[in-house]
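Could you put the whole structure together from the sequences, leaning on the hints where they help?
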Amino acid sequence: MKRSSRWLSCALGTLLALQVGAARAEEAKPRELEGVGVTEHKGQPIALDATFRDHAGRPVRLGDIAGRGRPTLLTLNYFTCPMLCSLQLRGLINGLRGVEWTPGEDYDLVTVSFDPDETQANAARARDGYLKELRRLGAEWHFLTGTPDQIHKLLESVGMHIKKDEKGQWAHPAVAVLLAPDGRITQYLYG
1 MKRSSRWLSC ALGTLLALQV GAARAEEAKP RELEGVGVTE HKGQPIALDA TFRDHAGRPV
61 RLGDIAGRGR PTLLTLNYFT CPMLCSLQLR GLINGLRGVE WTPGEDYDLV TVSFDPDETQ
121 ANAARARDGY LKELRRLGAE WHFLTGTPDQ IHKLLESVGM HIKKDEKGQW AHPAVAVLLA
181 PDGRITQYLY G
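Residue numbers (our numbering): 1 to 191.
These aren't lab readings, by the way, just hints derived from the structure by calculation. There may be inaccurate statements among the hints.
[Unchecked claim] If you anchor each label on the Cβ, the simulated ranges turn out as follows:
1) D128 x E40: 30 to 38 Å
2) K132 x H152: 30 to 38 Å
3) D106 x Q169: 33 to 41 Å
4) G138 x D165: 37 to 45 Å
[Stated by the list, open to error] No more than 25 Å apart at the CA atoms, straight line, and that leaves these computed lysine to any residue pairs for SDA-like:
5) K132 x D54
6) K153 x R97
7) K153 x R53
8) K167 x K132
9) K153 x R70
10) K153 x D49
11) K153 x A47
12) K164 x Y188
13) K153 x V60
14) K153 x K132
15) K164 x R70
16) K167 x P116
17) K132 x W101
18) K167 x G183
19) K132 x P45
20) K42 x G159
21) K163 x R90
22) K167 x S86
23) K132 x G104
24) K42 x G183
25) K153 x W101
26) K42 x T80
27) K167 x R125
28) K164 x L134
29) K164 x V38
30) K164 x D117
31) K42 x R58
32) K164 x D64
33) K153 x K163
34) K167 x N122
35) K167 x V36
Backbone N, C-alpha and C fix where the C-beta goes; we use that ideal spot for every residue, glycine too.
This is the structure in structure tokens:
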């Protein structure tokens, strides 16, 4: 890994760890959260062949964004989440404001919805709102939606376990995944 990529990985990891959240507590999980969590796959590639749709409805292969020679920061959320996802993404924005690099130029920033019912309109609305909050001229942030099988493929490669509750809300961990320039997982950032 090039010196600049290592430095970026360290800087992003440190800033995000400080901004995104506190240390994980290893407590007994409530029944609703049983089976929800992360099985880390550090050093393994994510599903770069998974295909999604971007905020404009265009088909996108994940490998066309991540794994192209620069680091990638990946989050898995759902755009209509009533609480945790927006907290996580706003924490991410706070951390990224302290980094000189611009997403889309120096590293890639990707948020994939794990809710297959979300639409291009959901992705576009989320993208516009969060880019406005980031306040970084020229920044690019990919917001993607997908089919159940492609979402499952990505979740499995990342090691993220989610489930839908009786009310139709998704139970999920708050985690960002830092990828090496070749698409391998280097770090999980919880919070």
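Right, here's what the structure says about each hint:
Here the CB-CB span from D128 to E40 is close to 32 Å, well matched to the stated 30 to 38 Å. A hinted range of 30 to 38 Å for the beta carbons of K132 and H152 is consistent with their spacing of about 31 Å. A hinted range of 33 to 41 Å for the beta carbons of D106 and Q169 is consistent with their spacing of about 35 Å. For G138 paired with D165, a C-beta distance near 39 Å keeps the hint of 37 to 45 Å intact.
Taken as a hint, the K132 and D54 pair is honoured in the structure, with Cα atoms around 18 Å apart against an allowance of 25 Å. Restraint check for K153 and R97: the C-alpha separation of about 31 Å exceeds 25 Å, so the hint is violated. Between K153 and R53, the direct Cα distance comes to roughly 15 Å. Compliance with the 25 Å bound is thereby established for this hinted pair. Between K167 and K132, the direct Cα distance comes to roughly 31 Å. Violation of the 25 Å bound is thereby established for this hinted pair.
The suggested pairing of K153 with R70 holds, with an alpha-carbon distance near 22 Å, which does not exceed 25 Å. Of the supplied pair hints, the one linking K153 and D49 holds, its CA atoms being roughly 9 Å apart against a limit of 25 Å. Simply put, K153 and A47 have alpha-carbon atoms about 7 Å apart, close enough for the 25 Å limit, and the pair holds. Restraint check for K164 and Y188: the C-alpha separation of about 23 Å stays at or below 25 Å, so the hint holds.
Between K153 and V60 the alpha-carbon distance is near 15 Å, which keeps this suggested pair within the 25 Å criterion. Between K153 and K132 the alpha-carbon distance is near 30 Å, which puts this suggested pair outside the 25 Å criterion. With a CA separation close to 34 Å, the supplied pair K164 and R70 exceeds the 25 Å bound. For the hint linking K167 to P116, the alpha-carbon distance of about 16 Å falls within 25 Å, and the restraint holds.
The suggested pairing of K132 with W101 holds, with an alpha-carbon distance near 17 Å, which does not exceed 25 Å. Between the alpha carbons of K167 and G183 the distance comes to roughly 35 Å, so the proposed pair goes past 25 Å and is violated. This hinted pair does not check out: K132 and P45 have alpha carbons roughly 31 Å apart, beyond 25 Å. With a C-alpha separation of about 10 Å, the suggested pair K42 and G159 falls inside the 25 Å cut-off, and the hint holds.
Annotation: proposed proximity of K163 to R90 holds, straight-line Cα distance about 23 Å (limit 25 Å). For a cut-off of 25 Å, the pair hint linking K167 to S86 stands: about 19 Å separates their Cα positions. For a cut-off of 25 Å, the pair hint linking K132 to G104 stands: about 15 Å separates their Cα positions. Restraint check for K42 and G183: the C-alpha separation of about 11 Å stays at or below 25 Å, so the hint holds.
The suggested pairing of K153 with W101 is violated, with an alpha-carbon distance near 30 Å, which exceeds 25 Å. For the hint pairing K42 with T80, the CA-to-CA distance comes to about 29 Å; that exceeds 25 Å, so the pair is violated. With a C-alpha separation of about 24 Å, the suggested pairing of K167 with R125 holds against the 25 Å cut-off. Simply put, K164 and L134 have alpha-carbon atoms about 30 Å apart, too far for the 25 Å limit, and the pair is violated.
Distance hint between K164 and V38 is fulfilled; the C-alpha atoms sit about 16 Å from each other, no more than 25 Å. With a CA separation close to 12 Å, the supplied pair K164 and D117 stays within the 25 Å bound. Note on K42 and R58: the hinted pairing is violated, with a Cα-Cα distance of about 30 Å set against a maximum of 25 Å. A C-alpha spacing of about 29 Å is found between K164 and D64, which places the hinted pair above 25 Å, so the restraint is violated.
Taking the CA atoms of K153 and K163, the gap is near 15 Å; set against the 25 Å cutoff, the hint holds. Straight-line distance between C-alpha atoms of K167 and N122 comes to about 20 Å, which keeps the hinted pair within the 25 Å bound. Restraint check: the Cα-Cα separation between K167 and V36 comes to about 16 Å, which is no more than 25 Å; the hinted pair holds.
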